[in-house]
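**Q** In full-length UniProt numbering, the protein residues as written are 1 to 145.
These aren't lab readings, by the way, just hints derived from the structure by calculation.
Some hints could be false.
For each label pair, taking beta carbons as the anchor points, the in silico distance ranges come out as [as the list claims (entries may be wrong)]: (1) Pro139 - Ile24: 18 to 24 angstroms; (2) Ala79 - Ile21: 29 to 35 angstroms; (3) Phe144 - His59: 46 to 52 angstroms.
Don't be surprised by glycine CBs; every beta carbon is placed ideally from N, CA and C.
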Amino acid sequence: MISYLLAAASTLLAAVYYWGIRQIPLLGMGDPVGPRFFPGLLCIALLFCVLLLLLEGRHKSAPRTFHASTLKPVLAALAVIGLYFMAFEELGYTLDTTLFLLVTMMCCHPKPRQAALVALLFPLASWYVFKYALSVPLPAGRLFS
Numbered sequence: 001m002i003s004y005l006l007a008a009a010s011t012l013l014a015a016v017y018y019w020g021i022r023q024i025p026l027l028g029m030g031d032p033v034g035p036r037f038f039p040g041l042l043c044i045a046l047l048f049c050v051l052l053l054l055l056e057g058r059h060k061s062a063p064r065t066f067h068a069s070t071l072k073p074v075l076a077a078l079a080v081i082g083l084y085f086m087a088f089e090e091l092g093y094t095l096d097t098t099l100f101l102l103v104t105m106m107c108c109h110p111k112p113r114q115a116a117l118v119a120l121l122f123p124l125a126s127w128y129v130f131k132y133a134l135s136v137p138l139p140a141g142r143l144f145s
């Protein structure tokens, strides 16, 4: 039952997202693909996830029981994500993403050394790709500007 509810909510989200994509103006010149291409791919991926949720819902399984202890990791993850977004302007992409990945990966990854290495290298590598390969500026943050 929960899979069907999630599929319905995700379908509604995909519809709203698609409406938002249609609001993006097309430019007469420039990028041959257009500004709607990547958001459209994300919308298709979301609809694929809806299909997977519907297929999962077809399998009959025993209903899961709810335990209050399962809510703690979810609330902790929501708090960390909220802090990530709130600190983004102040700290900038690189520092904020590094701290976010350090906290989340140290909690979830079984090998702390690998988790720390990924948390330190991914933000730097992605910043480099965005800045130099794609020419997309990322926020430096108020601390560094």
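**Q** If a hint holds in the structure, say so; if it does not, say that too.
**A** Hint by hint, here is what the structure shows:
no.: 1; hint: Pro139 - Ile24: 18 to 24 angstroms; in the structure: holds, 21 angstroms
no.: 2; hint: Ala79 - Ile21: 29 to 35 angstroms; in the structure: holds, 30 angstroms
no.: 3; hint: Phe144 - His59: 46 to 52 angstroms; in the structure: holds, 50 angstroms
Violation of the numbered hints given earlier is absent; every hint is satisfied by the structure.
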